[in-house]
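Given only the sequences and the hints, what does the whole structure look like? Please build it.
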Amino acid sequence: MSAITNSPDHGHGHGHDSALHHQFEDIGQQNESYIVGMWVFLSTEVMFFGALFFIYTLYRWNYQQDFYIAHEHLNVIMGAVNTTVLLFSSFTMVMAVQSAQLKKRGHVIGYLLMTIACACVFLIIKYFEYSSKLADHLYPGAGFATDAQAAFGEHAIEAGKVAVNMNHAQLFYSLYFGMTGLHAVHIIAGILVIGALIRLWFNNAKSVTLDFVPTEMVGLYWHFVDLVWIFLFPLFYLMPKPH
Amino acid sequence: MSSKTSTPHEHHIVSTGTYFVTLIALVVLMIATVAIAQVNLNAIGPFSGTVVNQVIALVIAVAKAMLVITVFMGVKWSTTLTKLWVASGFVTLILLFGILGDYVTRHYEHQSGWEKIEDGSLPRFTPDERTVPGPKSNDLNVKIRQ
Chain A
1 MSAITNSPDH
11 GHGHGHDSAL
21 HHQFEDIGQQ
31 NESYIVGMWV
41 FLSTEVMFFG
51 ALFFIYTLYR
61 WNYQQDFYIA
71 HEHLNVIMGA
81 VNTTVLLFSS
91 FTMVMAVQSA
101 QLKKRGHVIG
111 YLLMTIACAC
121 VFLIIKYFEY
131 SSKLADHLYP
141 GAGFATDAQA
151 AFGEHAIEAG
161 KVAVNMNHAQ
171 LFYSLYFGMT
181 GLHAVHIIAG
191 ILVIGALIRL
201 WFNNAKSVTL
211 DFVPTEMVGL
221 YWHFVDLVWI
231 FLFPLFYLMP
241 KPH
Chain B
1001 MSSKTSTPHE
1011 HHIVSTGTYF
1021 VTLIALVVLM
1031 IATVAIAQVN
1041 LNAIGPFSGT
1051 VVNQVIALVI
1061 AVAKAMLVIT
1071 VFMGVKWSTT
1081 LTKLWVASGF
1091 VTLILLFGIL
1101 GDYVTRHYEH
1111 QSGWEKIEDG
1121 SLPRFTPDER
1131 TVPGPKSNDL
1141 NVKIRQ
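Chains as they are written, first to last, in the numbering used here: chain A, 1 to 243; chain B, 1001 to 1146.
Hints were generated in silico from the structure; no laboratory data involved.
Since the model is a prediction, treat every value here as computed from it, not as a measurement.
There's no promise every hint is true.
One-sided excerpt, in silico: chain A residues whose CB lies under 8 Å from chain B [to be verified]: (1) V76; (2) V81; (3) Q98; (4) G110; (5) F202; (6) I230.
Just so it is clear, CB atoms sit at the ideal spot from N, CA and C, and this is done for glycine as well.
In C-alpha cells, the structure reads:
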C-alpha cells in the first residue's frame, strides 16, 4: 500500500494492515463494489451461455425425435455423478469463504484444495465420457453420417425403426461438445484461479488474508460454473421421450 | 462491525449447518430429477407427457439454481445494488428467449437444401455451382409455408 493511504487527511484510521483501498469510504463500500463488479462479469457470462442455451432450445424444438435418439448415447450415471461432484465442490468453496471470514487460514487452504480435487474428478469423468463418444464416432465432422451409422443403426431398430436424420444428430453432438466443452474450459479456468488463490493464502499474502472478499469473488465464479451445469445436466442427459 | 444491528455494509457469516442443509437439498433435488426422468409422465390437459416431463425437469433445475444463487452465492444477505445486478443478467436472458416468439409466429420454413445434402457433410460448392443461379429466390432464403 502506498504512503498516500496512510495520509492523515483521509481520516479513516487505516494503516498498512488494512485491506481498505484509499478510493473507498469504508470496507463495506469496497466489498460491495467488488461483489457488484463480479456480478457484472457473471451477467456477461449468463448472456454468453444464454445464447448457446437459446440455440439448443431452437434446434431441440425443431428436431425433437432426432435429438432424443442422439441423447440416448449419453451416460446418465456419469452425468449424475458429475452433478453431485460439482454440487459438493460448491459446498467446499462456500466453506472456504466462511473460513476466510473467520480468518481460519488452514481451513481455507484445506477447503480450496478439496474444491480443486472435485474439479479434477469432474474433468476425469468428462474425459471418460468424451472418449467413449470419440470411440463411437459420435462427434461432429465430415464423416459423421458414415462413421456414426453403426451406433445409430442398432439404436434405430431398438427405438422401433425410427430413422435418424444424421444431420440433426450431428447438430446435437455439436451442441453437446460445444456447451459442455465451454463449461469444461470454465472448470479449467476455475482450477487455475483457485490454485492462484491457494498460493496467496499459503504465502499469507495480505491481499487475501486481510479481507474475505477476494476469496468470495473466486467463490462466486465457481458457483456460477456449478449453476451452468445444473441446467446442462437435465437438458442434455435427461431428455423426455417425444410423443 | 461490532454493531449487532444489520447495516448494508455488514457481512453475514452463515452457519455451516445452513450450507450443509442446502447441499443436502441440492443432492435430493438432483436425485429427484433423475428419478422423474426415468418415468414417462401422462399428458395434462393440452400438454403432452413430454412437455410435462420437461417442465418438471426445468422447474427442479430452477429450484437448484435459486438455492445456489441465494445461499451459496450469498445473494440472500447481499445489498440491494448487488441484487439489482444479479437480476440484470437473468432478465436479459429472458429477453433473449423472447426471440423464440419470432420463430413461433412467422410462418416460414427452411428452403430445401439443408435436407438434401449428403448426410453428415457440410454443403460444399464448386466454383461453377456458385455462379449458376438457383431457383428464384424471394431474397429471404425461405419459402412461405403453404
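task: Starting from the hint list further up, note which numbers the structure goes against and sort them upward.
output: 2, 4, 5
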